[in-house]
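So for the sequence shown, this note's numbering puts the first residue at 1; every next one is plus one.
Calculated from the structure, these hints are not laboratory results. Check each hint, because a few of them may be wrong.
[Said to hold, decoys possible] With a cut-off of at most 25 Å between alpha-carbon atoms, the simulated DSS-like pairs for lysine-lysine come out as follows: (1) Lys80 - Lys127; (2) Lys99 - Lys113; (3) Lys127 - Lys141; (4) Lys85 - Lys127; (5) Lys99 - Lys85; (6) Lys80 - Lys108; (7) Lys127 - Lys113; (8) Lys85 - Lys113; (9) Lys80 - Lys113; (10) Lys136 - Lys108; (11) Lys99 - Lys136.
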Amino acid sequence: MYDKFVNRGTTMKKMVLINSLFISVLFGVESTDILIASKKIKNQHQCPVCPFLTFNNYLYRNHLLAHVTEEPFQCPVCQKCFTRKFNLRTHLFTHSGEKPYQCPQCSKCFNQKSNLRTHLRTHSGEKPFQCPVCYKAYNQKSNLQLHIMTHNEYSDYIQ
1 MYDKFVNRGT TMKKMVLINS LFISVLFGVE STDILIASKK IKNQHQCPVC PFLTFNNYLY
61 RNHLLAHVTE EPFQCPVCQK CFTRKFNLRT HLFTHSGEKP YQCPQCSKCF NQKSNLRTHL
121 RTHSGEKPFQ CPVCYKAYNQ KSNLQLHIMT HNEYSDYIQ
């Protein structure tokens with residue numbers, strides 16, 4: 001557990017950073033939501049295989065699939081195998097070249113809905129990923145993760 005007091009304007013906020021909880025901050029949770037009640041700590045899920053820690057049951061179950069060696073979903077074109085059906089569906093677009101998700105503003109097409117959502121932020125100017133240290137905002141979580149590395153004392157929390 002890592003405690004740090006951060007000056008945010010005229011008030012001091014205590015930030016409690018616990019491995020993947022900090023990561024959840026990277027994915028758009030407001031810094032004021034970092035304050036953890038002891039009740040919430042009881043609901044944490046620790047991976048039995050690696051240091052992954054989360055308070056979200058869905059993320060925990062999804063993470064456990066990363067340790068599964070069985071890959072039951074096979075591509076009928078190239079025989080590549082996947083642990084998740086969704087990953088196979090996404091992979092199939094590489095063979096067909098199909099890009100069914102089109103931007104309504106510039107007509108650029110994408111093979112994944114999530115890529116279209118990310119792209120739409122370039123038009124809207126939305127920047128939902130905010131640095132919990134200096135409060136600079138980004139439109140993609142990967143850009144925020146790179147930025148966090150500039151705050152050396154927090155670089156251990158980036159996975």
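Exercise. Taken at face value, is the distance from the CA of Lys113 to the CA of Lys127 at most 25 Å?
Worked result: Within the cut-off at roughly 18 Å; holds.
Problem set entry | Restraint check for Lys99 with Lys85, where alpha carbons must lie at most 25 Å apart | holds, 18 Å
Problem set entry | Restraint check for Lys99 with Lys113, where alpha carbons must lie at most 25 Å apart | holds, 10 Å
For this session: Quickly compare the C-alpha distance for Lys80 and Lys108 to 25 Å and report which way the hint goes.
Result: violated, 28 Å
Exercise. Is the hinted pair Lys85 and Lys113 satisfied, with a Cα-Cα distance of at most 25 Å?
Worked result: holds, 16 Å
Exercise. For the pair supplied as a hint, Lys80 and Lys127, is the alpha-carbon distance within the 25 Å limit?
Worked result: Not satisfied, since the Cα-Cα distance of roughly 36 Å exceeds 25 Å.
Exercise. Is the straight-line distance between the alpha-carbon of Lys136 and that of Lys108 25 Å or less?
Worked result: violated, 28 Å
For this session: Please work out if Lys80 and Lys113 have their alpha carbons no farther apart than 25 Å.
Result: Roughly 22 Å between the alpha carbons, so the hint for Lys80 and Lys113 holds.
Exercise. Given the hinted pair Lys127 and Lys141, is their alpha-carbon gap at most 25 Å?
Worked result: Holds, at roughly 9 Å.
Exercise. When you check the alpha-carbon spacing of Lys99 and Lys136, does it fall within 25 Å?
Worked result: violated, 33 Å
For this session: Compare the distance between the alpha carbons of Lys85 and Lys127 with 25 Å, and conclude whether the hinted pair is satisfied.
Result: violated, 31 Å
In terms of the numbered hints stated before, the structure departs from hints 1, 4, 6, 10, 11, listed from lowest to highest.
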